[in-house]
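Colleague: The chain contents come next:
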Amino acid sequence: MAFDLEQKPLRTWSHLAKNRRKPSEYDIVSKNLHYSMNNADAPWEQAPNSPMNMWYKKYRNETPLKHEDWDVFSDPDKLVYRTYNLLQDGQENHVQSLFDQFNEREHDKMLEADWVLALAQLYTPLRYVFHALQMSSTYVMQMAPASTISNCATFQAADLLRCVTHTAYRTFELSTTYPDMGFGVAERGVWEDAAHFQPMRELIEKQLASYDWSEAVVSLCYVVLPMLAEGVLKPLSEASRQGNDTLMPMLIDSQLHDSQRHQRWATELHKVLLADNESNEAVVQQIVDKWVPLADAAMDAYISAIPNSPVSANDAIAAAEKVRRDITGAA
Amino acid sequence: MAIHQRNDWYDLTRATNWTPSYVTEDELFPDEMSGSMGIPMESWEVYDEPYKTTFPEYVKVQREKDAGAYSVKAALERAKIIEKSDPGWVTILKQHYGAIALGEYAAVTGEARMSRFSKAPGNRNMAMFGMLDETRHGQIQLYFPHEYCKTDRQFDWAWKAYHQNDWASIAAKHFFDDIITGRDAISVAIMLTFGFETGFTNMQFLGLAADAADAGDYTFANLISSIQTDESRHAQQGGPALEILIANGKKEEAQLKVDMAVWRAWRLFAILTGPAMDYYTPLEHRGNSFKEFMHEWIVGQFERSLIDLGLDKPWYWDTFMEELDSTHHGYHLGVWYWRPTIWWNPAAGVTPDERAWLEEKYPGWNARWGQCWDVITENLIADKEELTLPETLPLVCNMNQLPIVGTPGEEHWDIKVHTIEKDGRLFHFSNEVDKWVFEQDPQRYEQHMSIVDRFLNGDIQPMNLQGALEYMGMEGVAELGKDAHGYAWIEKVKANMKKAS
Ligand SMILES: [Fe+2]
Ligand SMILES: [Fe+2]
Numbered sequence: 001m002a003f004d005l006e007q008k009p010l011r012t013w014s015h016l017a018k019n020r021r022k023p024s025e026y027d028i029v030s031k032n033l034h035y036s037m038n039n040a041d042a043p044w045e046q047a048p049n050s051p052m053n054m055w056y057k058k059y060r061n062e063t064p065l066k067h068e069d070w071d072v073f074s075d076p077d078k079l080v081y082r083t084y085n086l087l088q089d090g091q092e093n094h095v096q097s098l099f100d101q102f103n104e105r106e107h108d109k110m111l112e113a114d115w116v117l118a119l120a121q122l123y124t125p126l127r128y129v130f131h132a133l134q135m136s137s138t139y140v141m142q143m144a145p146a147s148t149i150s151n152c153a154t155f156q157a158a159d160l161l162r163c164v165t166h167t168a169y170r171t172f173e174l175s176t177t178y179p180d181m182g183f184g185v186a187e188r189g190v191w192e193d194a195a196h197f198q199p200m201r202e203l204i205e206k207q208l209a210s211y212d213w214s215e216a217v218v219s220l221c222y223v224v225l226p227m228l229a230e231g232v233l234k235p236l237s238e239a240s241r242q243g244n245d246t247l248m249p250m251l252i253d254s255q256l257h258d259s260q261r262h263q264r265w266a267t268e269l270h271k272v273l274l275a276d277n278e279s280n281e282a283v284v285q286q287i288v289d290k291w292v293p294l295a296d297a298a299m300d301a302y303i304s305a306i307p308n309s310p311v312s313a314n315d316a317i318a319a320a321e322k323v324r325r326d327i328t329g330a331a
Numbered sequence: 001m002a003i004h005q006r007n008d009w010y011d012l013t014r015a016t017n018w019t020p021s022y023v024t025e026d027e028l029f030p031d032e033m034s035g036s037m038g039i040p041m042e043s044w045e046v047y048d049e050p051y052k053t054t055f056p057e058y059v060k061v062q063r064e065k066d067a068g069a070y071s072v073k074a075a076l077e078r079a080k081i082i083e084k085s086d087p088g089w090v091t092i093l094k095q096h097y098g099a100i101a102l103g104e105y106a107a108v109t110g111e112a113r114m115s116r117f118s119k120a121p122g123n124r125n126m127a128m129f130g131m132l133d134e135t136r137h138g139q140i141q142l143y144f145p146h147e148y149c150k151t152d153r154q155f156d157w158a159w160k161a162y163h164q165n166d167w168a169s170i171a172a173k174h175f176f177d178d179i180i181t182g183r184d185a186i187s188v189a190i191m192l193t194f195g196f197e198t199g200f201t202n203m204q205f206l207g208l209a210a211d212a213a214d215a216g217d218y219t220f221a222n223l224i225s226s227i228q229t230d231e232s233r234h235a236q237q238g239g240p241a242l243e244i245l246i247a248n249g250k251k252e253e254a255q256l257k258v259d260m261a262v263w264r265a266w267r268l269f270a271i272l273t274g275p276a277m278d279y280y281t282p283l284e285h286r287g288n289s290f291k292e293f294m295h296e297w298i299v300g301q302f303e304r305s306l307i308d309l310g311l312d313k314p315w316y317w318d319t320f321m322e323e324l325d326s327t328h329h330g331y332h333l334g335v336w337y338w339r340p341t342i343w344w345n346p347a348a349g350v351t352p353d354e355r356a357w358l359e360e361k362y363p364g365w366n367a368r369w370g371q372c373w374d375v376i377t378e379n380l381i382a383d384k385e386e387l388t389l390p391e392t393l394p395l396v397c398n399m400n401q402l403p404i405v406g407t408p409g410e411e412h413w414d415i416k417v418h419t420i421e422k423d424g425r426l427f428h429f430s431n432e433v434d435k436w437v438f439e440q441d442p443q444r445y446e447q448h449m450s451i452v453d454r455f456l457n458g459d460i461q462p463m464n465l466q467g468a469l470e471y472m473g474m475e476g477v478a479e480l481g482k483d484a485h486g487y488a489w490i491e492k493v494k495a496n497m498k499k500a501s
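Here the protein sequences line up with chains P and C, keeping their order. Residue numbers 1 to 331, in our numbering, belong to the letters of the first sequence in order. Residue numbers 1 to 501, in our numbering, belong to the letters of the second sequence in order.
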């Protein structure tokens, strides 16, 4: 590249100037920000053999999923920080007003006794699940090879904290109507010991401890999150109607908006992976094959504990598989 | 009551530690990422963040903040701040955005390190908000300068600087990767949030905001003070982590990390904020001097927060106090002299009135740095610009990656280079503190090559200044730094000389 003696100002960042399209706000603030991708020998500006450089070289640079130019990935929702807050402030206003109105009408007092028991066993312990997936998403963020992928993972992690928050709120609220049911105190024990949560805890602990980036992102976005939506939230929502719980379906409905957005970026990621490198398909498949049995077992155990579940474990497993087919574009 | 108060349910949002049994605690929180110093999970559960917020509160408040910052920008779009401001002010914008925007974005990764790997549930949640905050800071500080691209090629460096091997880029990355992206969760809590954000971000985001408002750049003043409201919240993650370390007998380890981070932060801010405040900001818009800001934000406040936690002042505090009078003057001289190697146009800031201000704020300035500027000034008056320009690279420190500068004295420069020789390689340091930092962690620092090492290794071709400029990412002449005022200040010097004679 010759040194330009008559260099002119550009209309945008130099890395976007070659595009014919006028850059969007999304492009300007999201694209091509991971400087740690520039030097393969030392991702971070420290000794090539420093512990963190070794971690990134092993788990990110040498990860089996490959792409010539990860920065071509764009969030299909084109979310930026500013619009994320707009979106979620709107959703939270909605949820807050649900909480407000249902409380006003003494919703919780009208719950069926069996369902209250089910909430303590099946719903309030979910804050551990949401939080674990929040943690997993922050890992996907910090190891992702493109800032555009990282940003999707950041917002996804925040969405899961949002679910933690809803659950904490409802847990406290239930404890005020049912002070002797263990709400707010027994959840850790249920999560750690109850049979219906153990396969899910096994999945989640093992997933969290999987540090290769390909493995982390594929297991989380193709397997664990579909399990959460299809094998936990939807069955819970369906079952709650029988227990006179009319708040739950509306709350979960709002959370599923986030799930759908997570599926959209996973779908886009898959498209980008296949467009660049054929070998990626087999890599994805291998990871999916490894994690699906754990997720299926988790759904099976969880749903079998839902009293008279309108959604069977097999339905949920099939629905999660359908989500995966949507993500991978398989017929 | 229909809506429950946050206080009633907040603790449940952070009752999220459980005992793993399908993997070990170490597999879930590997030491190299977690940095918990052997303190088990349950001991971290007492972590209590002093500033509490929740998801619905966060998105509401932040939505409003952004509405404010973006609407000020939109309202003042026609103010033509670039065309109308003094070039010294414009250079502050270029320097700031280039040195800060992608560093802010990298801080998302540092926050994510805590959010995933801290054993303290409260820390993990607060760091989630920290990730969002730093996403905001990265994005908004790309969005705002972007519209200036069309005015000047140097504004491309707002996005570009961290992708380059410019010496200033290397120095910024070497520091930020050491306290943000390249460390375990607890080190990030201590070094980034406590060591750096508690004090130093105030310097850049509040100190500079005062000057910006005075200079009429309300968009920038409003932007950076809005950023600081986030910083002052998420900076509070380090304190409770330090309390846990101290309670578990790890005071010495914690102190070491604080001492390293503060020294490193000082070096970078001495070259970044020091010249901006005392030389680039037009004289009539200067509030406090850099030294006065440092006393207010670092010496006063930071010292207090250290003592409150039961930590000690860093061992080098006396050296630090002495450097407040000198280091950034040397850095400024170096940056101005090596101006083609940077993406901003340094204002010399040495007209007679400015020198009088410097002498007042830093008694003895004329006798020391003034004499060097005399030589530069004489050369420029005599039309010998070439004598004020570099032909080679400066000697840089293997710790802070910045030029090694001394203080000019009456007879000689008191420039004393501290060195270590190891396995046939010679390492140079700015002073004994930088050398000390280096010695604390050889595995992290030793195999890193400074820009001068790279030059001597033949990585930079051709081996001359032009080769070096291209290696640093300069693609053309419009990107090279120049004197901000095109030497117009020389006329004021001449006028003054005429008056005197
Ligand atoms: Fe920030
Ligand atoms: Fe920050």
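It should be emphasised that the hints constitute simulated quantities derived from the structure, not laboratory data. Note that beta-carbon positions come from the ideal geometry of N, C-alpha and C, so glycine has one too. A portion of the hints provided could be inaccurate.
Quick partial rundown of chain C residues pointing at chain P, CB under 8 Å, derived from the structure [as the list claims (entries may be wrong)]:
id	residue
1	3
2	22
3	136
4	138
5	142
6	156
7	447
8	461
9	463
10	464
11	479
12	482
13	483
Colleague: Work down the list of hints and note, for each, if the structure agrees.
Modeller: The hints, checked one at a time:
At a threshold of 8 Å, the smallest CB-CB gap from residue 3(C) to chain P is about 5 Å, leaving the interface hint in force. The restraint placing residue 22(C) at the interface with chain P holds, with a minimum CB-CB distance near 4 Å, inside the 8 Å limit. The beta carbon of residue 136(C) is positioned within 8 Å of a beta carbon in chain P (closest approach about 5 Å), and the interface hint is therefore held. The closest approach between the C-beta of residue 138(C) and any C-beta of chain P is roughly 7 Å, which is under the 8 Å cut-off, so the hint is satisfied.
The restraint placing residue 142(C) at the interface with chain P holds, with a minimum CB-CB distance near 5 Å, inside the 8 Å limit. Because the beta carbon of residue 156(C) sits about 5 Å from the nearest beta carbon in chain P, less than 8 Å, this interface hint is met. Annotation: interface hint on residue 447(C) holds; nearest CB of chain P at approximately 4 Å, less than 8 Å. Look at residue 461(C): its Cβ only gets to about 13 Å from chain P, farther than 8 Å, so that hint breaks.
This hint is violated: residue 463(C) has a C-beta 16 Å from the nearest C-beta of chain P, more than the 8 Å allowed. Proximity of residue 464(C) to chain P is violated relative to the hint, the smallest CB-CB distance being about 12 Å (cut-off 8 Å). This hint holds: residue 479(C) has a C-beta 7 Å from the nearest C-beta of chain P, less than the 8 Å allowed. Taking 8 Å as the C-beta contact cut-off toward chain P, the hint placing residue 482(C) at the interface is violated, the least distance being around 13 Å.
Among the interface hints, the one on residue 483(C) is violated; its C-beta lies about 18 Å from the nearest C-beta in chain P, farther than the 8 Å criterion.
Hints 8, 9, 10, 12, 13 from the earlier list are contradicted by this structure; the remaining hints agree with it.
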